[in-house]
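Undergrad: Build out the structure end to end from the sequences listed, making use of the hints.
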Amino acid sequence: MSTDPRLTLIASGPLTTADLDDRLDALLNPVLSSRRTAAPLAQTLAPLERQLQDFVLNWVEVIGRTNYEMAYQFAAAAPDALKQLDLASAKAWVIQAMDAYDYEGLYRGSQVFKNFADYAALAGASAHAVGFEEVVHVLELFVCGLAGRRMKVEPAPQAYTDTETLYLPLRVASRMTKNENFLIYKSLAVLLWAQSRHGTFNADLDAACATYADPARALEWLNYLETVRLEACIARALPGFARDAASLKNATSNDLRYAVLELPSATVHDSIALLAKLPLNAEVPRHTCMATLRPREAAAARASRLAREKDGLQTMLAALLEEHDKTSSESGDGEQRFSVDVTEAPGENGSLDFELRLDGKPMAPPDNVHNLLDSILQDLGDIPDDYLTPTGDGSERAAPRAEQDPADVWKGIYHEEGALFYNEWDHKRRHYRKNWCVLRELDVQPGDGGFVDATLKKYAPQVTQLRRTFELLRGEDKLLKRMKHGDDIDFDAVISAYADMKSGRELSDRLLVKRHKTERDLAVMFMVDMSGSTKGWINDAEREALVLLTEALEILGDRYAIYGFSGITRKRCEIFRVKRFDEPHGDVVKSRIAGIIPQDYTRMGVAIRHLATLLNAVDARTKLLITLSDGKPDDYSDNYRGEYGIEDTRQALIEAHRGGIKSFCITIDHEARDYLPHMYGAANWTLVDDVSRLPLKVADIYRRLTT
Amino acid sequence: MMSPVATLSAKSPQPEARLIEREPYYEPLGDEIALFEAAYTSQIPVLLKGPTGCGKTRFMEYIAWKLKRPLITVSCHDDLTAADLVGRYLITNNETVWVDGPLAHAVRIGGICYLDEVVEARKDTTVVIHPLADDRRILPMEKHGELLRAPAEFVLAMSYNPGYQSVLKELKQSTRQRFIAIEFAYPDEALESKIIVTETGLDANTARQLIRLAHLTRNLKGNGLDEGASTRLLVHAAKLMQRGIAPRAACHSAIAEALTDDPEMLRAINELASSIF
Chain A
1 MSTDPRLTLI ASGPLTTADL DDRLDALLNP VLSSRRTAAP LAQTLAPLER
51 QLQDFVLNWV EVIGRTNYEM AYQFAAAAPD ALKQLDLASA KAWVIQAMDA
101 YDYEGLYRGS QVFKNFADYA ALAGASAHAV GFEEVVHVLE LFVCGLAGRR
151 MKVEPAPQAY TDTETLYLPL RVASRMTKNE NFLIYKSLAV LLWAQSRHGT
201 FNADLDAACA TYADPARALE WLNYLETVRL EACIARALPG FARDAASLKN
251 ATSNDLRYAV LELPSATVHD SIALLAKLPL NAEVPRHTCM ATLRPREAAA
301 ARASRLAREK DGLQTMLAAL LEEHDKTSSE SGDGEQRFSV DVTEAPGENG
351 SLDFELRLDG KPMAPPDNVH NLLDSILQDL GDIPDDYLTP TGDGSERAAP
401 RAEQDPADVW KGIYHEEGAL FYNEWDHKRR HYRKNWCVLR ELDVQPGDGG
451 FVDATLKKYA PQVTQLRRTF ELLRGEDKLL KRMKHGDDID FDAVISAYAD
501 MKSGRELSDR LLVKRHKTER DLAVMFMVDM SGSTKGWIND AEREALVLLT
551 EALEILGDRY AIYGFSGITR KRCEIFRVKR FDEPHGDVVK SRIAGIIPQD
601 YTRMGVAIRH LATLLNAVDA RTKLLITLSD GKPDDYSDNY RGEYGIEDTR
651 QALIEAHRGG IKSFCITIDH EARDYLPHMY GAANWTLVDD VSRLPLKVAD
701 IYRRLTT
Chain B
1 MMSPVATLSA KSPQPEARLI EREPYYEPLG DEIALFEAAY TSQIPVLLKG
51 PTGCGKTRFM EYIAWKLKRP LITVSCHDDL TAADLVGRYL ITNNETVWVD
101 GPLAHAVRIG GICYLDEVVE ARKDTTVVIH PLADDRRILP MEKHGELLRA
151 PAEFVLAMSY NPGYQSVLKE LKQSTRQRFI AIEFAYPDEA LESKIIVTET
201 GLDANTARQL IRLAHLTRNL KGNGLDEGAS TRLLVHAAKL MQRGIAPRAA
251 CHSAIAEALT DDPEMLRAIN ELASSIF
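From first to last, the protein sequence lines stand for chains A and B. Following this note's numbering, the numbering of the first sequence begins with 1 at its first residue and continues without gaps. Following this note's numbering, the numbering of the second sequence begins with 1 at its first residue and continues without gaps.
What the hints contain is simulated information worked out from the structure, not anything from laboratory work. Heads up, some of the hints might be wrong.
[Unchecked claim] What the simulated footprint calls covered on chain B by chain A, stretch by stretch (three residues with Cβ under 8 Å from a Cβ of chain A suffice, anywhere in the stretch; the number is not a length): (1) 83 to 92; (2) 234 to 244; (3) 259 to 270.
Backbone N, C-alpha and C fix where the C-beta goes; we use that ideal spot for every residue, glycine too.
TA: Next up, the structure:
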């Protein structure tokens with residue numbers, strides 16, 4: 001039985017309730033029980049057309065790969081939803097639900113399925129809707145420009161900010177044109193930026209509202225008052241934006257009660273004071289673009305930022321002081337030597353300017369100190385004296401932080417901290433699963449340093465040969481003769497040209513020499529399979545191959561890095577550093593090569609994405625990603641084995657290719673031709689069928705690849 | 001008969017020495033004029049550091065005018081060879097003729113040789129300036145068999161943008177330690193506004209808005225932009241506005257498109273511009 005939609009043309013009538021019951025029972029088995037069976041689902045699905053039934057079954061299967069409960073929720077909501085949505089919108093609805101699931105978990109995801117009516121209303125205007133994914137990058141840059149520091153932009157059901165991250169809705173479709181909907185996004189971003197820029201969270205909002213009978217309502221009113229105040233601030237700072245945004249408003253309310261908030265000197269305290277004079281039971285007025293206030297989140301983010309910045313500032317000031325005392329004869333006593341004068345900035349409305357003084361004399365702080373002071377000033381409106389007390393030895397170092405041992409992940413000490421997140425391609429959904437893989441970089445435990453020497457000895461004759469071959473490849477200066485353009489005269493050419501001229505023959509115009517340096521502007525990343533299946537002689541062969549390869553690469557002078565990859569499940573993808581690009585080849589690297597040991601599984605997609613990111617950071621004309629592998633992509637449970645893994649790996653390679661990286665795979669798997677051409681492309685892989693020849697072959701393949 | 005080789009000399013670049021007669025408009029940012037004059041009298045070469053478009057080249061023109069010395073500017077590129085700087089033999093009418101390169105020419109006439117964006121030149125090229133840049137002040141011309149001694153009026157200056165993050169484009173220590181360095185930064189708001197107003201005649205209010213936009217783009221440096229909008233770009237935008245181009249369009253062409261090709265970054269800068277204008 002197939003769920004392939006193409007077969008719907010052949011299939012005749014709709015499936016019966018019994019058929020559906022069987023199918024759903026099989027697909028949803030893990031979340032069904034004696035009290036929750038597939039029967040009610042089957043009954044509601046039975047009256048649908050065959051095409052719709054297939055649509056539902058197909059997606060149940062696809063969603064089930066991610067989460068069975070989500071699949072169940074979909075199946076429950078689908079019959080009603082399909083009455084309101086056409087298939088294209090329904091697909092978008094599923095994708096949005098899965099996005100919500102990826103970002104915010106099961107509850108939010110299933111909410112989207114349940115609230116399909118909301119979605120249907122939005123879908124009415126879907127042609128003009130603007131989605132979060134479309135705007136996130138632009139808005140991130142836009143806000144970075146405004147704020148002077150990078151603020152994250154994340155999706156959330158409601159717009160709010162914790163002063164570090166701006167949360168914006170997943171979709172805006174309330175207007176009839178794309179431009180207007182984008183403008184709403186932009187307005188929300190500007191408003192949230194203004195909340196942190198103009199000090200909405202500089203007062204304890206929760207405490208201010210707690211004195212009222214209905215604190216939640218008071219907070220809503222306060223939010224409105226702040227919006228009024230901030231809009232005035234924004235209009236002064238960004239007149240062009242204010243003009244555009246005015247077109248969104250239905251009518252301008254000219255409530256004189258709020259006039260005080262529109263003065264340049266107004267602060268959040270004025271809003272709080274005004275709160276007392278308002279009839280709080282009345283309906284809170286609505287603006288087209290209004291965010292919500294979440295004082296608790298903001299306070300937490302602010303407190304941790306202040307602590308971090310105070311620490312950073314004190315360390316940097318200590319460094320400044322040390323440098324100052326080195327160069328100047330006068331040295332201060334132990335008292336407070338730094339001070340900051342805060343003044344109103346000229347020109348800009350209400351923003352603050354400051355001057356840092358050391359021993360009473362003004363000094364120009366370096367950029368990093370300036371930025372920190374500016375950021376603290378934005379939060380506090382002043383620089384408290386204790387922030388200006390230098391501490392630490394002033395050396396350039398990060399604030400001491402408890403080293404987290406990635407191995408503790410599974411002990412429950414911490415889970416996703418310090419890890420990188422990567423998307424993964426779900427070929428059935430034809431969409432990425434957001435932040436699906438959790439990846440960490442680890443160091444290889446150094447192994448027996450003698451291994452490298454032993455290998456070099458074992459292959460001594462071949463190594464000599466290898467060195468000679470690679471020396472020939474090394475780029476060297478060449479003098480190109482008889483060139484049209486060049487640095488100097490090619491006298492041989494001139495003489496023969498002169499002779500030609502005398503004898504009445506045609507003259508050559510190639511009379512110059514040119515010095516040409518053939519540079520191998522190449523960076524290569526070796527990605528080594530460290531999965532459990534390499535255990536034994538494959539692992540030995542891999543390590544020997546790396547030893548010989550590094551010998552050859554050192555001769556060539558190509559920049560190279562070696563990383564191993566392994567992992568178990570998407571939550572624990574691991575990349576092992578053997579040699580970074582900026583690391584010289586030495587004893588440490590040798591002992592790490594020796595220390596490569598088989599680990600767990602082969603989740604290749606995420607490894608490729610991470611290593612491609614590293615490779616892209618290197619400035620080279622040619623970038624090469626070479627994989628040493630022993631088999632198909634594979635991972636424990638969650639379906640990575642087979643088609644899913646192959647398609648994800650292929651997608652990761654396509655992404656890398658878009659970034660200008662060429663990929664190549666060296667494998668020892670005899671069945672490789674079944675899947676490698678699909679992943680790497682027909683010509684970009686090679687099979688070494690005799691494992692014992694791998695060490696010599698790899699260097700040889702590399703030579704062929706790069707000449 | 002015109003020999004084809006003779007055309008070589010017709011194409012050959014004669015170093016361009018320029019005596020600047022009219023005072024160029026220049027607003028000092030700090031004490032750079034005094035510093036340069038002191039270096040000039042002490043015969044120390046000068047390195048100008050700073051982001052693009054902040055006035056380094058204009059400063060050199062101003063100094064050349066002030067010192068009344070001819071200015072020879074060499075725009076360095078990655079194919080610039082030592083011969084390009086020092087000189088080479090060319091063939092005309094059946095004989096070889098030595099032609100001075102711009103550096104040798106500047107030494108001979110006692111001018112100011114300004115190597116613009118010197119990190120762009122090949123590393124081996126920058127080494128030929130070493131004997132000129134220390135107290136020997138000589139330029140050996142091996143191919144010509146001549147040793148040029150720099151007169152007291154000769155001064156070597158070069159510019160360099162430390163903002164480039166490429167490791168390949170760093171100045172060698174042996175080169176940079178021969179120079180005194182003057183750092184240039186974007187002028188502060190009041191000065192930058194004065195520069196725009198004086199250069200273009202734009203009204204002060206719009207000039208301030210332009211500068212505000214420049215600050216917003218400078219915030220993006222390191223977050224997808226290599227550099228923020230320079231004073232030069234602001235002057236370009238202001239000139240367009242003075243010609244009747246609408247401010248948003250002027251910012252798009254003169255600033256956004258000049259800064260980046262990345263579509264998202266372009267859009268972000270345009271959004272910033274439309275927030276202000």
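Undergrad: Does each hint hold? Answer for all of them.
TA: Structure-based check of each hint:
1. 83 to 92: With 6 residues in contact (Cβ-Cβ under 8 Å with chain A), the coverage given for the stretch 83 to 92 of chain B holds.
2. 234 to 244: violated (count 0)
3. 259 to 270: As far as the stretch 259 to 270 of chain B goes, the hint holds, because 5 residues have Cβ atoms under 8 Å from chain A.
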